[in-house]
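These protein sequences, in sequence, are chains A and B. Everything in the first sequence is counted per full-length UniProt numbering, starting at 1 for the first residue and increasing by one. Everything in the second sequence is counted per full-length UniProt numbering, starting at 1 for the first residue and increasing by one.
Calculated from the structure, these hints are not laboratory results. None of the values given here were measured: they were computed from a predicted structure. Warning: the hint list may mix true and false statements.
Said to hold, decoys possible - Computed list of lysine to aspartate or glutamate pairs in EDC-like fashion (alpha-carbon distance at most 20 Å, straight line): (1) B:K130 with A:E71; (2) B:K122 with A:E181; (3) A:K122 with B:E181; (4) A:K130 with B:E71.
Claimed, not checked - A few chain B positions that, by computed beta-carbon distances, are all more than 12 Å from chain A: (5) L4; (6) T9; (7) G13; (8) H54.
Cβ coordinates follow ideal geometry from the N, Cα and C atoms, glycine included.
Number of protein chains: 2
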Amino acid sequence: MVTLAYDGTKFAGFQSQPNQRTVQSVLETAVNKMSTAASFVHIFGSGRTDAGVHALGQVIHFDLENDIPEEGIVNGLNSLLPLDVEILTAKRVATTFHARFTTHGKRYLYRVSLGRFVNPFKRFYTGQYKYPLKVDLIKAALPDVIGTHDFSSFVASGSQAKSHIRTIYDATVKEDQTTGEVVFEFYGNGFLYNQVRIMVATLLEIGNEKRPVHDFLRLYEVKDRNECRATAPASGLYLKKVYYK
Amino acid sequence: MVTLAYDGTKFAGFQSQPNQRTVQSVLETAVNKMSTAASFVHIFGSGRTDAGVHALGQVIHFDLENDIPEEGIVNGLNSLLPLDVEILTAKRVATTFHARFTTHGKRYLYRVSLGRFVNPFKRFYTGQYKYPLKVDLIKAALPDVIGTHDFSSFVASGSQAKSHIRTIYDATVKEDQTTGEVVFEFYGNGFLYNQVRIMVATLLEIGNEKRPVHDFLRLYEVKDRNECRATAPASGLYLKKVYYK
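Excised from the complex, chain A in its bound form (with noise of 0.2 Å):
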């Protein structure tokens, strides 16, 4: 088990794909630079992020047969892979572990810039929104959100889930005053593709005012994602946390 941070910036998403760099394939380069077997070792992944979408914590793990360190793994790691992706930690862990399917929940993170004009320095690191924007509106709806949910309002279309009914435990909005940025937080058992991008650019609509407080209340019932267009930048995405038992 390895967790790691990576800037999603200039990677085509987590994912392998013939042709593109992802965070998958420089991982796996690395890995079996290291690795001492003859066949070729697999990265698995808590799950996919979407180009241009950031970790502070994403967890993959792989069946090393050498016999290096914990530490170790850190270090030649960190030597093997380029600059965009920093390894965190690295634990030996039971066979029956697996990065994606023994899941408990993940927490992500999502920034917010405000004003009319992009900050150059945070144009790959937040979502900008240019229209007023009521936080305390926001406050009010996120009580909605929080729970067990038919989510299917807020699912983009590729998502190969059997069902949208998923439950969040906590969701929070801060306005950072040092940063001038309006900071999204998200911890729930799973979440659906693009959910947190099309649930936050809908947050934004009720700040603004565009739409009622209590929306979500009515988009759990119609589920129609024509209802909820908008989905709000790669850019200001941060998958923070995987949880495990």
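Since the structure of chain A is already known, use the hints to place chain B on it.
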């Protein structure tokens, strides 16, 4: 007089060069789209910044014949410029103003990340220092930096300055607990080519006990760049403010 911020990562520095993307060239492209004059409008900056060096408050001037209000210049240029440049303010000034020749001082900031591994989100925005650092030793050295000195030991080859004597009004170092960074600031009447980056590298060597605390006093005397071979990376340097009377 226009103040602007830019992310220097994808620029080959401020000054125009053939076949290179520079801050000056993207500014001149934008300003000339706005201009109704028959002749090309040139941009004059307060000074150059190298490839990869950032600006939080660079100053430029240019002569525009149009009668566009100040706010219109900010909005217009921002809509014409790429996202790694942001116009902050515009102010109509007397024809005697010159962004470079009427400068009274400059303030630079240098951000250092500590630790063996590079944080993916800081690789273009800080300089990395991998060795142990005693910030107290740097604090003890900074009074030697302040004042009027011959900085010949701290100037890169390629400088066309006639004199290497400069005055530094203030020099500080702070440990930022939130970010884990060590942040330098230098405020002076002017700086030689690469002077700040060479001074930072030398101060880091003092903090690492490679040099005695008061080595600056010796370095002013010897006037020899070979005594200060290291140059801190461009990625950590920010032109923070340019001063005019």
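For each hint, the structure was consulted:
Between K130 (chain B) and E71 (chain A), the direct Cα distance comes to roughly 17 Å. Compliance with the 20 Å bound is thereby established for this hinted pair. With a CA separation close to 18 Å, the supplied pair K122 (chain B) and E181 (chain A) stays within the 20 Å bound. Taking the CA atoms of K122 (chain A) and E181 (chain B), the gap is about 18 Å. The hint holds against a cut of 20 Å. At roughly 17 Å between alpha-carbon atoms, K130 (chain A) and E71 (chain B) fall within 20 Å of each other, so this suggested pair holds.
Distance to chain A contradicts L4 (chain B) as a non-interface residue, since its nearest Cβ pair spans about 9 Å, not more than 12 Å. Once the 12 Å rule is applied to beta carbons, T9 (chain B) is inconsistent with being away from chain A; the minimum gap is 9 Å. At the 12 Å boundary, the C-beta of G13 (chain B) stays outside the reach of chain A, the nearest C-beta of that chain being 15 Å off. Interface exclusion of H54 (chain B) from chain A breaks down, the closest Cβ pair being 7 Å apart, not more than 12 Å.
Hint compliance for this structure: hints 5, 6 and 8 are not met, and every other hint is.
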